[in-house]
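Those sequence lines, one after another, are chains A and B.
Quick note, in our numbering, the first sequence goes up one by one and the last residue is 372.
Quick note, in our numbering, the second sequence goes up one by one and the last residue is 428.
Honestly, the hints are just simulated from the structure, not real lab data.
Treat the hints with care, since some could be wrong.
As the list claims (entries may be wrong) - Derived coverage of chain A by chain B (criterion: at least 3 residues anywhere in the stretch with Cβ under 8 angstroms from a Cβ of chain B; other residues may be distant):
| hint | region |
| --- | --- |
| 1 | 39-50 |
| 2 | 77-91 |
| 3 | 322-330 |
What the hints assert, rightly or not - To give an idea of the interface, some chain A residues facing chain B are shown, with a C-beta separation under 10 angstroms as derived from the structure:
| hint | residue |
| --- | --- |
| 4 | Pro99 |
| 5 | Thr101 |
| 6 | Asn105 |
| 7 | Ser114 |
| 8 | Ala118 |
| 9 | Gly134 |
| 10 | Lys317 |
To be verified - A few chain A positions that, by computed beta-carbon distances, are all more than 10 angstroms from chain B:
| hint | residue |
| --- | --- |
| 11 | Glu20 |
| 12 | Asp27 |
| 13 | Asp182 |
| 14 | Asp206 |
C-beta atoms are modelled at their ideal positions from N, C-alpha and C, and glycine is treated no differently.
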Amino acid sequence: MLGWVCTYTPEEIFATLGLESYRLYGDDRGEYAKADLEYLPVNFCPLGRACLNEGMANPSLTGVVLAASCHALVHLASAFRYSGERRGKEFFVHLLDLPRTPDGNDAAVRAFASSLRAMAGRLSSFYGAAWDDGAFSEALRAHQRVRRLLRELYRLRRERPEDFRAAGLLEVVRAAGRAKKDEFHPILDGIVKALKGNKNGESRVDGSPAAALLAGLRRRGSPGGPRLLVAGSPLPFAYLDLIEELGGNIAGDDLCQGYRYCLPEVKEGPDPFISLAGGYLERVPCPRMLAGKERFSYLLSLARETGARGVIYHALKFCDASLYEYPLLRERFAEAGIPVLYLETEYRDVGLEQARTRIQAYLELLGEQAGD
Amino acid sequence: MDLNRTIQNLLKDRGRWGKVLSSPVSYRIVEGALALAKKSFPWQAIYQMSRFALHQTGRAYTGKVPVVWSSAFFPVEIAWGLQLCPFSPEVAAAFITGMGFGPEALSMGEEAGYSRDLCSFHRCIAGAARAGHLPRPAALLASTHLCDGAPLLFQNMAEIYGAPCFTLDVPYTASREAEVYVAEQLERLWHDLAEATGRRPNRASLEEALRHSNGFRKNMIRANELRCRVPSPISGNDMLAFIYLFFIGQGSREAAEISACLAEEIEEKIVGGRWGGAEKYRLLWLHLKPYYSNEVMSFIEQAGGVLAYEEFNHIYWPPLDPGEPFLSLARKVLAHFDYKPVEERIRVIRELAEKYRVDGIVHFSHHGCRQSTGGSLFLKEALQEAGWPVLLLDGDCLDGRNEAAGGMLTRLQAFFEILEERKEGCLI
Ligand code: SF4
Ligand code: SF4
Numbered sequence: 001m002l003g004w005v006c007t008y009t010p011e012e013i014f015a016t017l018g019l020e021s022y023r024l025y026g027d028d029r030g031e032y033a034k035a036d037l038e039y040l041p042v043n044f045c046p047l048g049r050a051c052l053n054e055g056m057a058n059p060s061l062t063g064v065v066l067a068a069s070c071h072a073l074v075h076l077a078s079a080f081r082y083s084g085e086r087r088g089k090e091f092f093v094h095l096l097d098l099p100r101t102p103d104g105n106d107a108a109v110r111a112f113a114s115s116l117r118a119m120a121g122r123l124s125s126f127y128g129a130a131w132d133d134g135a136f137s138e139a140l141r142a143h144q145r146v147r148r149l150l151r152e153l154y155r156l157r158r159e160r161p162e163d164f165r166a167a168g169l170l171e172v173v174r175a176a177g178r179a180k181k182d183e184f185h186p187i188l189d190g191i192v193k194a195l196k197g198n199k200n201g202e203s204r205v206d207g208s209p210a211a212a213l214l215a216g217l218r219r220r221g222s223p224g225g226p227r228l229l230v231a232g233s234p235l236p237f238a239y240l241d242l243i244e245e246l247g248g249n250i251a252g253d254d255l256c257q258g259y260r261y262c263l264p265e266v267k268e269g270p271d272p273f274i275s276l277a278g279g280y281l282e283r284v285p286c287p288r289m290l291a292g293k294e295r296f297s298y299l300l301s302l303a304r305e306t307g308a309r310g311v312i313y314h315a316l317k318f319c320d321a322s323l324y325e326y327p328l329l330r331e332r333f334a335e336a337g338i339p340v341l342y343l344e345t346e347y348r349d350v351g352l353e354q355a356r357t358r359i360q361a362y363l364e365l366l367g368e369q370a371g372d
Numbered sequence: 001m002d003l004n005r006t007i008q009n010l011l012k013d014r015g016r017w018g019k020v021l022s023s024p025v026s027y028r029i030v031e032g033a034l035a036l037a038k039k040s041f042p043w044q045a046i047y048q049m050s051r052f053a054l055h056q057t058g059r060a061y062t063g064k065v066p067v068v069w070s071s072a073f074f075p076v077e078i079a080w081g082l083q084l085c086p087f088s089p090e091v092a093a094a095f096i097t098g099m100g101f102g103p104e105a106l107s108m109g110e111e112a113g114y115s116r117d118l119c120s121f122h123r124c125i126a127g128a129a130r131a132g133h134l135p136r137p138a139a140l141l142a143s144t145h146l147c148d149g150a151p152l153l154f155q156n157m158a159e160i161y162g163a164p165c166f167t168l169d170v171p172y173t174a175s176r177e178a179e180v181y182v183a184e185q186l187e188r189l190w191h192d193l194a195e196a197t198g199r200r201p202n203r204a205s206l207e208e209a210l211r212h213s214n215g216f217r218k219n220m221i222r223a224n225e226l227r228c229r230v231p232s233p234i235s236g237n238d239m240l241a242f243i244y245l246f247f248i249g250q251g252s253r254e255a256a257e258i259s260a261c262l263a264e265e266i267e268e269k270i271v272g273g274r275w276g277g278a279e280k281y282r283l284l285w286l287h288l289k290p291y292y293s294n295e296v297m298s299f300i301e302q303a304g305g306v307l308a309y310e311e312f313n314h315i316y317w318p319p320l321d322p323g324e325p326f327l328s329l330a331r332k333v334l335a336h337f338d339y340k341p342v343e344e345r346i347r348v349i350r351e352l353a354e355k356y357r358v359d360g361i362v363h364f365s366h367h368g369c370r371q372s373t374g375g376s377l378f379l380k381e382a383l384q385e386a387g388w389p390v391l392l393l394d395g396d397c398l399d400g401r402n403e404a405a406g407g408m409l410t411r412l413q414a415f416f417e418i419l420e421e422r423k424e425g426c427l428i
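If we strip away everything but chain A, and leave its shape as in the complex, we get (with noise of 0.2 angstroms):
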């Protein structure tokens, strides 16, 4: 089992090795919750800890793929190098290389191609997999299928956000990044159609692993708020469901957890390496990327788009990604008349109360704002 963390690792690669792949969030970190100590000074990603924790909680995996994104993510793979040889076990860490795209030009698809067939050779001779065209048309299918409804999902939550549980719909897209697509399909493909009121997909839904995901997709809180659209870094659930308790509606995200990863479109070429790097790089770009002019057009049009009245920025602490974004993503929005809420957490449910009060008086300002 390979663990991954970064939204632009084609897991389409791992599935055509017939390698079972599943993504760190940080979760379920067991005896190891403070294994990351250890390795990696205090001030440093709080998500790259707990994946270290949750990559080390967790016996079945036998390697990792992290993207070069951050330095964060770097040192990551060298904390999992450290503790792999001190477990005695052979474990496989690879660091992906990951161009920026500020121009979006083909040279960056092009290194980028080569860093991905560089990857999936290493892959091949480790774990002894080879790399079979005919499989690799079958995953990006299957990827593609996923995808697809993921948005068709998010579409749904764009026309009534009032219904839904914004943290229930991440669990969705967790789940997808950690199942097997093509039997991940049919029981997404049940959750859609039941909210779509079709019966069909109800019945599918009864008592599968479906059922799960589609009550935790019920809204729980008073849904009289504004629309609001959430940004930034991996977030903790609980401040989407605080957000909701309270009123606010979201109705959209930009989050590498969330729609990000539902974006990438692959078109199948003549050369596989180049497709998956050509819709990996030319989705929506991350703060990461330095595509900054790009971004701040896709975020204004997606807040209009989805109706958002407002904006939740969440940084992590430690992340510079969004950290630099920060300051001028607040100048830009502010511009547009659109006011932004920044939260800073360290991937954990604290804080939540200090949050409760900053919450409440930004709805509130929404809703003078809107002369409600």
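Go by the hints and put chain B with the ligands onto chain A.
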């Protein structure tokens, strides 16, 4: 009046900074004070470098030549090759802090939305830019290697100044393909930068910049070799001043000349037997140092410690080939030992620790530095296993506002005691 006081007097009224910094008269005044202080410089190379820095600052602020901001590890030969005026905001941030204006700039950066967990160099730059204290760039040059923050900050600054930002995307894994990828970007960037600044791309001028850069490299290697002598012929604290040349000098005639002067001076000192002194602890210093006060460096000196060598002064790249400017600059960028899995940094540090016969290693763990501090625990463990005591000295290069004043000194003191015990152990 001493040099620092002259500068502080000129800059004491913050409201007039814009006027003072853009007036040629200010630079003439400081130049006069610098000339008077010439003899008090411990090394003439440092005096020359101060003149060079003053001249460059004057050029940047008086606006005669297009100014390009360059991030710390960008191959600045490109800018020299186009006869532009490179400006290092990171160095400016250290200077602003050294002059005592750091806290104000940092607070302004924080007000602009830059978190206190970000590198203080960048917070300080954001604040100083907001206050209008930095020269307006015609373009910005940022490289993605080593620092995740710099290209992100430069992107923001480019928006604020309405100037183009040219980013050099450096892959993490060095390979032939990576060299070509970086070289092609550099070539494109060189043309685009020329266009953005109204320059004509001239290969001969770029080749000359590479020759100067090679001169700098050769001279620094010579100075570094001479520094193997025990006791140290030059203080590491003085050597850390040359960071200025590393950041923006490479490719200039001046950096080649100043480094030649440095190597000669060290050699003269050794040949003339005018060196030595009590040296209790030889240290290898990793990362930079606090710039808001001299307390830490003075404490080390008073305790008999010397910085025998610093990671930042290490020359890690092969000579450049002026006939293949882009490819060889790409190789240089990709050769950085800190932009590789931490094992490579450990390997290089071990070699340096042996070469400079150090007693211990101090890693200055600058709060906002993900690259250096992020890997510090691996570094410590591996180097300790190899036999060197290692101190991870938590602190901040520019932000002294929260420093538990004595904390760093106490930790250094305890570290020196360990070194002392080891020495005694060896004697027995
Ligand atoms: S923010 Fe971007 S680079 Fe960082 S983990 Fe998410 S998708 Fe990857
Ligand atoms: S949250 Fe930020 S620092 Fe952490 S892995 Fe993602 S991009 Fe890197």
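Here's how the hints hold up against the structure:
no.: 1; hint: 39-50; result: holds (count 6)
no.: 2; hint: 77-91; result: holds (count 5)
no.: 3; hint: 322-330; result: holds (count 7)
no.: 4; hint: Pro99; result: 5 angstroms, holds
no.: 5; hint: Thr101; result: 8 angstroms, holds
no.: 6; hint: Asn105; result: 9 angstroms, holds
no.: 7; hint: Ser114; result: 5 angstroms, holds
no.: 8; hint: Ala118; result: 8 angstroms, holds
no.: 9; hint: Gly134; result: 28 angstroms, violated
no.: 10; hint: Lys317; result: 6 angstroms, holds
no.: 11; hint: Glu20; result: 26 angstroms, holds
no.: 12; hint: Asp27; result: 22 angstroms, holds
no.: 13; hint: Asp182; result: 33 angstroms, holds
no.: 14; hint: Asp206; result: 47 angstroms, holds
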